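Read top to bottom, the protein sequences are chains C and G. Anchor point for the first sequence: position 232 equals 232 in the working numbering, and the numbering is continuous, going up by one each time. Anchor point for the second sequence: position 99 equals 99 in the working numbering, and the numbering is continuous, going up by one each time.
Honestly, I wouldn't trust all of these hints.
Said to hold, decoys possible - Residues on chain G that point at chain C, a partial pick, calculated with CB under 8 Å: (1) Pro-12; (2) Asp-31; (3) Ile-38; (4) Val-39; (5) Gln-224.
As the list claims (entries may be wrong) - Cβ-Cβ distance ranges computed for the label pairs, FRET-style: (6) G/Leu-172 - C/Gln-32: 21 to 29 Å; (7) G/Arg-30 - C/Gln-188: 31 to 39 Å; (8) C/Ala-209 - G/Gly-116: 53 to 61 Å; (9) C/Asp-113 - G/Asp-57: 37 to 45 Å; (10) G/Gly-54 - C/Asp-33: 42 to 50 Å; (11) G/Ala-181 - C/Arg-189: 53 to 61 Å; (12) G/Leu-157 - C/Ala-169: 41 to 49 Å; (13) G/Ala-208 - C/Ala-209: 24 to 32 Å; (14) G/Leu-157 - C/Gln-188: 36 to 44 Å; (15) C/Trp-148 - G/Asp-91: 51 to 59 Å; (16) C/Asp-55 - G/Ala-131: 23 to 31 Å.
Unchecked claim - Covered stretches of chain G (in silico footprint by chain C; criterion: 3 or more residues with CB under 8 Å from a CB of chain C, positions within the stretch not fixed): (17) 19-27; (18) 174-182.
Think of the hints as simulated: they come from the structure by calculation, not from any bench. Keep in mind the model is a prediction, meaning the values are calculated, not measured. From the three backbone atoms N, C-alpha and C, an ideal C-beta is built for every residue, glycine too.
Single-letter residue listing:
2 protein chains.
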Amino acid sequence: MDTVGVLGGMGPLATIDFMRKVLEATPAARDQDHVPMIVCSLPQIPDRTAAFRGDGDSPLDAIVACGRRLQSAGADLIVMPCNTAHLWFDDVQQQLQLPMLHLVDAALREALDLAGSDARMGLLATDATIASGLYINRRLPDAPPPNWLLPTAGEMLELVMPGIEAVKAGRLPDGQALLAAAARALAQRGADVLVLGCTEIPLVLDTAACGLPVVDATAALARQVVARCRDANRA
Amino acid sequence: MDTVGVLGGMGPLATIDFMRKVLEATPAARDQDHVPMIVCSLPQIPDRTAAFRGDGDSPLDAIVACGRRLQSAGADLIVMPCNTAHLWFDDVQQQLQLPMLHLVDAALREALDLAGSDARMGLLATDATIASGLYINRRLPDAPPPNWLLPTAGEMLELVMPGIEAVKAGRLPDGQALLAAAARALAQRGADVLVLGCTEIPLVLDTAACGLPVVDATAALARQVVARCRDANRA
Chain C
1 MDTVGVLGGM GPLATIDFMR KVLEATPAAR DQDHVPMIVC SLPQIPDRTA AFRGDGDSPL
61 DAIVACGRRL QSAGADLIVM PCNTAHLWFD DVQQQLQLPM LHLVDAALRE ALDLAGSDAR
121 MGLLATDATI ASGLYINRRL PDAPPPNWLL PTAGEMLELV MPGIEAVKAG RLPDGQALLA
181 AAARALAQRG ADVLVLGCTE IPLVLDTAAC GLPVVDATAA LARQVVARCR DANRA
Chain G
1 MDTVGVLGGM GPLATIDFMR KVLEATPAAR DQDHVPMIVC SLPQIPDRTA AFRGDGDSPL
61 DAIVACGRRL QSAGADLIVM PCNTAHLWFD DVQQQLQLPM LHLVDAALRE ALDLAGSDAR
121 MGLLATDATI ASGLYINRRL PDAPPPNWLL PTAGEMLELV MPGIEAVKAG RLPDGQALLA
181 AAARALAQRG ADVLVLGCTE IPLVLDTAAC GLPVVDATAA LARQVVARCR DANRA
């Protein structure tokens with residue numbers, strides 16, 4: 001079976017969440033049925049959002065160094081369970097020369113399958129993820145461009161960013177209250193489905209908590225990893 | 001900061017549980033405060049309990065190979081969040097030539113700190129862990145031998161092993177009822193503290209559920225990892 005290399009630690013809780021979602025996506029009756037994973041959880045990688053804003057060092061070299069560790073340890077395939085890190089996806093892939101799966105593609109594919117290509121897709125993500133166009137500019141080769149609904153700038157500053165910070169700091173009830181309020185605002189403006197484009201958000205938000213079908217980008221990537229590794233196993 | 005290498009996948013859920021306990025044991029306000037970890041979760045390592053019983057291949061070569069991957073990826077220190085794998089601890093350490101922390105030592109240290117060296121320590125663990133002497137033969141260099149209390153053979157067959165199986169199968173209330181009954185029997189025979197020497201047991205048993213102070217060996221190892229890496233950081 002192919003060994004998945006996980007470029008992790010961005011943040012460390014999101015890495016664990018991704019690993020758990022890979023287990024949940026695997027039909028397994030015993031330990032030995034599970035996907036082999038090598039995980040490099042290096043929380044010292046420079047902050048992605050700060051770098052995007054021009055307030056900090058680029059994380060590219062640290063991400064590539066982490067990828068080389070995974071390569072040394074025998075990874076066949078690389079994933080990054082961090083949305084913002086995907087701003088450097090093309091550079092990382094070019095330097096590592098290993099197959100990589102793209103988190104946003106996995107999320108868009110599931111959103112289209114769930115809600116159809118006419119659906120209005122609400123997006124909850126960090127300021128950097130939204131402002132960089134990581135989601136809104138991404139196209140699947142065989143699908144029309146999605147119809148996006150974004151949080152307002154006020155909602156970003158008062159609900160979404162403080163909500164994500166609260167989750168990162170372990171204050172989960174606070175994070176849930178703030179992010180659910182942002183989700184309700186998107187639902188009121190007509191969102192049919194919510195794409196959760198930040199690894200921290202699904203830790204506190206699901207369909208029950210926000211009253212809309214949700215696509216968890218982390219879980220979508222996990223399901224794609226399992227499908228890919230099991231295909232490689234059968235091949 | 002030192003990078004911890006985690007020899008994982010034995011089983012994969014226990015690996016994730018250990019990683020989460022490392023996060024919980026870390027005083028951190030942001031990603032960059034967390035301990036860097038490289039995790040090799042290779043569920044294809046042969047079954048440790050079967051090997052102990054003489055019913056399967058030795059896991060030693062696979063564990064060492066997993067350790068070498070961690071070494072290639074830059075781990076400074078190795079831990080194995082699996083009790084039964086510690087039957088091969090000395091061989092693994094000898095072949096890897098890297099510092100390793102011992103799960104049982106971490107648990108014994110916490111039990112001594114919690115209950116004192118005169119305390120009677122009840123042990124809940126798998127048949128293989130208990131019968132192999134993994135806990136009862138282990139000595140801390142600076143402490144007298146613990147005063148152990150074990151479940152009876154009848155309690156092992158009727159309560160402890162079915163309780164662990166129930167947890168592994170996701171039947172948590174059944175598992176809790178069985179394991180709490182085994183804990184009460186140890187308490188009635190005079191146990192002052194309970195050492196939980198199996199990664200599944202702390203998922204359903206805590207001080208509230210069994211009326212005794214408990215030591216979770218996985219959490220004890222996690223706390224020792226954090227203390228060690230943060231010391232290395234300050235040094």
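Checked hints:
1. Below 8 Å, beta-carbon pairs count as interface contacts, and G/Pro-12 has one with chain C at about 5 Å; its hint therefore holds.
2. Here the hint on G/Asp-31 is kept, as its CB sits about 4 Å from the closest CB of chain C, short of 8 Å.
3. At about 5 Å, the closest approach between the beta carbon of G/Ile-38 and any beta carbon in chain C falls short of 8 Å, and the interface hint on this residue holds.
4. Annotation: interface hint on G/Val-39 holds; nearest CB of chain C at approximately 4 Å, less than 8 Å.
5. The closest approach between the C-beta of G/Gln-224 and any C-beta of chain C is roughly 18 Å, which is over the 8 Å cut-off, so the hint fails.
6. Taking the beta carbon of each, G/Leu-172 and C/Gln-32 are about 23 Å apart, inside 21 to 29 Å as hinted.
7. The hint said 31 to 39 Å for the Cβ distance between G/Arg-30 and C/Gln-188, and at roughly 33 Å that hint holds.
8. One distance hint, 53 to 61 Å for the beta-carbon pair C/Ala-209 and G/Gly-116, is violated here, with the actual separation near 46 Å.
9. Checking the proposed 37 to 45 Å range against C/Asp-113 and G/Asp-57 shows it holds: the Cβ atoms sit about 42 Å from each other.
10. Taken as a hint, the range 42 to 50 Å is violated for the pair G/Gly-54 and C/Asp-33, whose Cβ atoms sit roughly 24 Å apart.
11. The hint said 53 to 61 Å for the Cβ distance between G/Ala-181 and C/Arg-189, and at roughly 55 Å that hint holds.
12. Judged by the Cβ atoms, the range 41 to 49 Å given for G/Leu-157 and C/Ala-169 holds: they are separated by roughly 46 Å.
13. At about 27 Å, the CB distance of G/Ala-208 to C/Ala-209 agrees with the hint of 24 to 32 Å.
14. Between G/Leu-157 and C/Gln-188 the Cβ separation comes to about 59 Å, which falls outside the hinted range of 36 to 44 Å.
15. Here the CB-CB span from C/Trp-148 to G/Asp-91 is close to 56 Å, well matched to the stated 51 to 59 Å.
16. In this structure the hint that C/Asp-55 and G/Ala-131 lie 23 to 31 Å apart at CB is violated, the actual value being about 58 Å.
17. Interface restraint, the segment 19-27 of chain G with chain C: holds (3 residues with C-beta to C-beta distance below 8 Å; minimum three).
18. With 0 residues bearing a CB less than 8 Å from a CB of chain C, the segment 174-182 of chain G misses the requirement of three and the coverage assertion fails.
This entry does not satisfy hints 5, 8, 10, 14, 16, 18, going by the numbered hints stated previously.
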